[in-house]
Amino acid sequence: MRNLQDLHNNEAILLMYLAGELTPQDHAEVEQMLGTDATLRHELASLQQMQEQITGSLAELDRHTRPAVPQAFAEAGIYRMIRQWHEQRRRMTRTLVMPRRVMPRVWFGLATAASIIIGYFVWLAYHPSTPTSPAGVVNTAAADEEKVTLMENTMMLSDGQAESDMQFAAVMPGPDDLDSPPDSSNQ
Amino acid sequence: MQRELVSQITAPAPEGDEALVRRLRDGQTAAGELLVNRHCAALMRYLQRLVGSDHLAEELHQQTWASVLENLDRFNPSLGGGFKAWLYRIATNKANDHWRSRGREKTAREAMRLIGDEIVPQAGAGLENTEELNKLRNAIDLLPANQRQVLLLRYYSDLKFIEIAQILGCPLNTALGRMHKAMLRLRQLMSEPTSATRTS
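Those protein sequences? They're chains C and W, same order as listed. 52 is the number that the numbering used here gives to position 52 of the first sequence; each next residue is one higher, with no gaps. 247 is the number that the numbering used here gives to position 60 of the second sequence; each next residue is one higher, with no gaps.
Think of the hints as simulated: they come from the structure by calculation, not from any bench. Misleading hints may appear alongside valid ones.
[As the list claims (entries may be wrong)] Per the computed footprint, the stretches of chain W lying under chain C, defined by three or more beta-carbons under 8 Å from a beta-carbon of chain C, are:
| id | stretch |
| --- | --- |
| 1 | 214–228 |
| 2 | 244–255 |
| 3 | 318–329 |
| 4 | 342–352 |
| 5 | 360–371 |
Beta carbons: idealized from backbone N, C-alpha and C, even for Gly.
Just chain C, with the same shape it has in the complex (with noise of 0.2 Å):
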């Protein structure tokens, strides 16, 4: 509510007094301006009698004009909106909500079993030869066993070649032999 003085005019004035508007000081005042200024009042019936004119001249226009669409279809048009909008808006909600209660501890094991995996087979690419099996050990343990056999084998043989050049040594004559003449005896 304004107060009188803020208002500039007559016209002002009476618009808001017929509108109901003034505070209620303000309106006692006009009601004593109006039962002393003859003008004044002239001027109140004026703008009332223009007023009621053309709000009844409105109401007449809108009862022989059709609404730009009807009011039904105009109704459903906006009740569809809303409830589309209702339908975002829980759907967003659920959206925001949806994290914190669909991400359960399951995910995170299944998430380090999955890494867990994932680096094995890293591992394994830059590790072609090695066994993949537990197998694999018991062939690792094979395979060294293998390579003593070998080595005691080779060593074996080299013994055995040792002694077969003694044998042969002692069966060959030397070069003293040669010269004298051979064992009759023997003949």
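Guided by the hints, dock chain W onto chain C, whose structure is given.
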């Protein structure tokens, strides 16, 4: 008689717009439908008279409600005016935006409409009455936009002048002055002969 009085006293008061907005925010679409039902017809009429085109009025009406829904969470009744003032502010802004963006087309469209969009006389309505109504409609169209806005807002929304001034972003005295000028101009245009109204 006594029973009627009792039922009138005990009948629940219609729920306010702001309460309906709160319910709509809480997900009750029925509250939104009630709001639409309450304001749809008057708002459509306001836009129809403001822009002078059925098609455009319907488009702006839909845009207004879409904007209402989009900004519903930001609506704060304590920040000047209730839901109705907010609704009409959005509608008026939509119309202003349209005029600003399509200023050139508007002149041509209005000229076309003044020629072609006459009021169809209905059964029971005399020719004189129809002529008077056509004259009134044309007189409204001939009002300057700012005067037309105040007049139509006052008539269709039934908002207080102070709320209308807030919607239009002008001082109260300016809004009252425009209202007074619009009424005088309408009376003048209505009293002129038909041909003069069209060409003025």
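Q. Can you list which hints this structure breaks, lowest number first?
A. No numbers; nothing is violated.
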